[in-house]
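Residues per chain, in single letters:
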Amino acid sequence: MTATVQSPAPARTLRRARRRWVPPYLFLLPAGVLFIAFFAIPIVYAIYLSFRGFRVTGGGPFGVRQEAWVGFENYIKTFAEPEFLAGFGRLAIYGVIAVPLTLGLALIFALLLDLPRIRAARFSRTAIFIPYAVPGVIASLLWGFLYLPSTSPLNWILDKLGLPDVVMLSGGALYPAIANVAIWGGVGFNMIIIYTSLRGIPSEIYEAARIDGANEWTIAWRIKIPLVGPALVLTGLFSLIGTLQVYGEPTTLRPMTTEISQTWVPLMKIYRDAFARDDLSLAAASSVILAIGTLVVSVILLRATQRKSFGGGE
Amino acid sequence: MQRSRMATALVGVAVTGAILAGCSSGESTDEPSTASDGPVTLEYWAWNESQEKIVAAWNESHPDIQVKHSDVGGGGDTSAKLVTSTRAGNAPDVALVEYNTLPAMIVAGVAADITEYTGELAEQFAPGVWSQTTFDGATYGVPQDTGPQALNYNKARFDELGVEVPTTWEEFAEAAEAIHTADPDAYITTFAPAEFGGFAAFAQQAGAEWWSVDGDTWTVDIDGEASKAVADYWQDLIDRDLVLAEPLLTPEWNASLNEGNILSWPAGIWAAGVLYGVGEQMEGEWALAPLPQWTPGDASAAFQGGSGAIVTTSSEHPKEAAEFAAFMASAEVGQIQIDTGGYPASLAGQELTLESEPPALMSNQDDYWDVAAEIAASTIPDLSWGPNVNVASSAFEDAMASAITNGTPLADALTETEKVVVEDMRSAGFEVEAD
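Taken in order, these protein sequences are the chains called X and D.
Using our numbering, you'd call the opening residue of the first sequence number 1 and step up by one each time.
Using our numbering, you'd call the opening residue of the second sequence number 1 and step up by one each time.
The set of hints was computed from the structure by calculation and includes no laboratory data.
Backbone N, C-alpha and C fix where the C-beta goes; we use that ideal spot for every residue, glycine too.
Mixed in with the good hints, there may be bad ones.
[Claimed, not checked] Taking lysine-lysine pairs in the DSSO-like style, the calculated list, with each CA pair at most 27 Å apart, reads: (1) LYS53/D x LYS319/D; (2) LYS53/D x LYS68/D; (3) LYS81/D x LYS68/D; (4) LYS81/D x LYS77/X; (5) LYS419/D x LYS77/X; (6) LYS419/D x LYS68/D.
[As the list claims (entries may be wrong)] Taking CB as the label site, the calculated pair distances span: (7) THR168/D x PHE145/X: 38 to 44 Å; (8) GLY162/X x ASP370/D: 57 to 63 Å; (9) GLU280/D x PRO116/X: 54 to 60 Å; (10) LEU141/X x THR168/D: 39 to 45 Å; (11) GLY407/D x SER298/X: 37 to 43 Å; (12) VAL297/X x ALA56/D: 51 to 57 Å; (13) SER384/D x ALA40/X: 56 to 62 Å; (14) PHE145/X x GLU355/D: 26 to 32 Å; (15) GLU216/X x GLN281/D: 54 to 60 Å; (16) ASP77/D x PRO116/X: 53 to 59 Å.
[Unchecked claim] One side only, chain D facing chain X, incomplete, derived with CB under 8 Å: (17) ASP136; (18) GLU252; (19) VAL391; (20) PHE430.
Work out the full structure, taking the sequences as your base and the hints as a guide.
Right, dumping it as structure tokens:
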């Protein structure tokens, strides 16, 4: 009896519930499909590949190589290879030059642009930002021509003055030369983030500070920089991840010098393993390690800086 | 994952198909339905300037077998893409492959055994050329162009500085000194660490055999006596600042070349085309001479570069594909190659060269093609490349580059390269002996 009376009610609520629940998922669907197709599946496939390897199965000197399960062999090989680890060493030198300079210059430019009564602000902002719009490969080629002794305008001038050539793509100048390409391209982007954050600071704070007798220098140091802390953390994180992913600049400059090897940075080694040496599995294992490493470093950085810039407590 | 298993299955089917086709050769009278079912379309990957014309000529005379050409990049890129596309099951039917990467294509399951289709084609090539595509008695491709190593030199500058063209490597070193003394900005040539093929050819000329097969066992000997002697020879020239040690074809190098400060390039005879591409203004100033020899009076040189057309294991029309590959032996293709700056592999094509004009860079050398024919006739036959030349080439490049940067012996770089090559072959499951 009760069942017959009550049965329509749950059905109606169910239908209503469904009506309420379906649209969000429908809207999520395109993003979800793209996420699964181009992010989740490739990651899972890369992890799967990292446990595989090509082994000769046919026998004989021209036996055909086929895919087989090799367990953790590729991971062990990645860590056992001194070149992979040396790549991180070179990356560290590069990062120590590139990251502080990029962020430092970005901050200085942003603060300068934020000064009251600044002239030609819009022009300067665009001028500083434009290099970011130049693709990395083009930028590297451009700088490569500027670095090479016989095409370099600097060396042309030095030559006319009877001074010795400056060699940029070998010896001690190599790291600054490569970092310079990234700094040139990266400052503008980071500056915009910091500058946007500066514009978001309410002007009452500055007025109060000026009434208290603060000059522009004190305002920048005591108010602006602490308040754009989160933007600095964000740009710092971007730069750190960008450093771990350095590939385009050294790869483009490599044909111009003998000093950049095919395994100069970790990503270049991964590319070489995958495409020059036909060892996709080793490349997959190294990629997984690099990705996990990047994740761990990012989390550590965020934890450490969050505590600092937001005053320590929850 | 699903997709990969599908791809593997497809490759598996293709491979099995090819093996079955190989097994049943001789008795199979009616080919799978393809031959009679209207026109067949073949996909063809190749990279040099003559390809468009070769394909156009074929398509005109073969309405039933139409070929669609794509340029997917140079030799290295094409090989890499062939391997991945074979695993994905969508490789082209026919592809151009450099001789030294052909063994790698065989063990990667890309190149199909086409012995049953090639029949008497061998007679249309010099034995040394034909052996570049035949392994263990099985033919995997039809040679298309070759690159016998020769001395490409800037005749105008040699004459200007009063230096004779060297015929031995000893004379080459003397010439290097004479040139650099006469003009301190000028160097006889460049030793480029990335030139794996060039160095391998130097070593082969000196008698080195980097890979060899005996039964099921490979022998790798990249740092043998002959190779080390070649490395030491160049080391000495570099140490005395008589040759440049830097990458080729950079803006820097091209500028020096055009200023007349790099006087020669010992490389495949295709070099005239490459040099013309970066230095058109030197038209007619260069000339071709045989490669300097280790022993006076000898006349031998190895191949540097050159490629052949293979049929892939993914092809559904291996018979038609092999037919198109065999077209490379024709005089028609030879003529197209000569017109576009290549050097044909076939005897028919090489004969045609004798009636042709020299390439633009060397347009003033009237006996150009005679010299070329002489060089081609003295190439070392029966060279064997290993199954992982790609690995060797990348290891060689890095080891040589770091030897030059750090000033360590070039010969040590050969030992380093051999170590990497042997390790890679062992981990892939080959039986390897290293000297």
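These are the hints, each one checked on the structure:
1. A threshold of 27 Å between alpha carbons decides the hint, and for LYS53/D with LYS319/D the separation of about 22 Å falls inside it, so the pair holds.
2. As the CA atoms of LYS53/D and LYS68/D are separated by approximately 12 Å, the hinted pair is consistent with the 27 Å bound.
3. Using a Cα cut-off of 27 Å, the hinted pair LYS81/D and LYS68/D holds, with the two alpha carbons roughly 17 Å apart.
4. Restraint check for LYS81/D and LYS77/X: satisfied, since their Cα atoms lie roughly 25 Å apart, inside the 27 Å limit.
5. A distance of roughly 15 Å separates the Cα atoms of LYS419/D and LYS77/X; the hinted pair therefore holds under the 27 Å criterion.
6. Taking the CA atoms of LYS419/D and LYS68/D, the gap is about 42 Å. The hint is violated against a cut of 27 Å.
7. Checked against the hint of 38 to 44 Å, the pair THR168/D and PHE145/X passes, with Cβ atoms roughly 39 Å apart.
8. For GLY162/X and ASP370/D, the hinted distance range of 57 to 63 Å is not satisfied, since their beta carbons lie about 49 Å from each other.
9. Separated by about 58 Å at the C-beta atoms, GLU280/D and PRO116/X satisfy the suggested range of 54 to 60 Å.
10. Distance hint check for LEU141/X and THR168/D: the Cβ-Cβ separation is about 41 Å, which falls inside the suggested range of 39 to 45 Å.
11. For GLY407/D and SER298/X, the hinted distance range of 37 to 43 Å is satisfied, since their beta carbons lie about 40 Å from each other.
12. The beta-carbon spacing between VAL297/X and ALA56/D, approximately 56 Å, falls within the hinted interval of 51 to 57 Å.
13. Checked against the given bound of 56 to 62 Å, the beta carbons of SER384/D and ALA40/X, roughly 46 Å apart, lie outside it.
14. Our hint of 26 to 32 Å for PHE145/X and GLU355/D is violated, since their Cβ atoms are close to 43 Å apart.
15. About 58 Å separates the C-beta atoms of GLU216/X and GLN281/D, a value consistent with the hinted range of 54 to 60 Å.
16. One distance hint, 53 to 59 Å for the beta-carbon pair ASP77/D and PRO116/X, holds here, with the actual separation near 56 Å.
17. Taking 8 Å as the C-beta cut-off, the interface hint given for ASP136/D holds, the closest approach to chain X being about 6 Å.
18. With 8 Å as the threshold, the beta carbon of GLU252/D comes within range of chain X, its nearest partner Cβ sitting at about 4 Å, so the hint holds.
19. With a cut of 8 Å, the hint placing VAL391/D at the interface with chain X holds, because the nearest CB-to-CB distance is about 5 Å.
20. For the restraint placing PHE430/D at the interface with chain X, the shortest Cβ-Cβ distance is roughly 6 Å, inside the 8 Å limit, so the hint holds.
The structure fails hints 6, 8, 13 and 14 (numbered hints given earlier, in ascending order).
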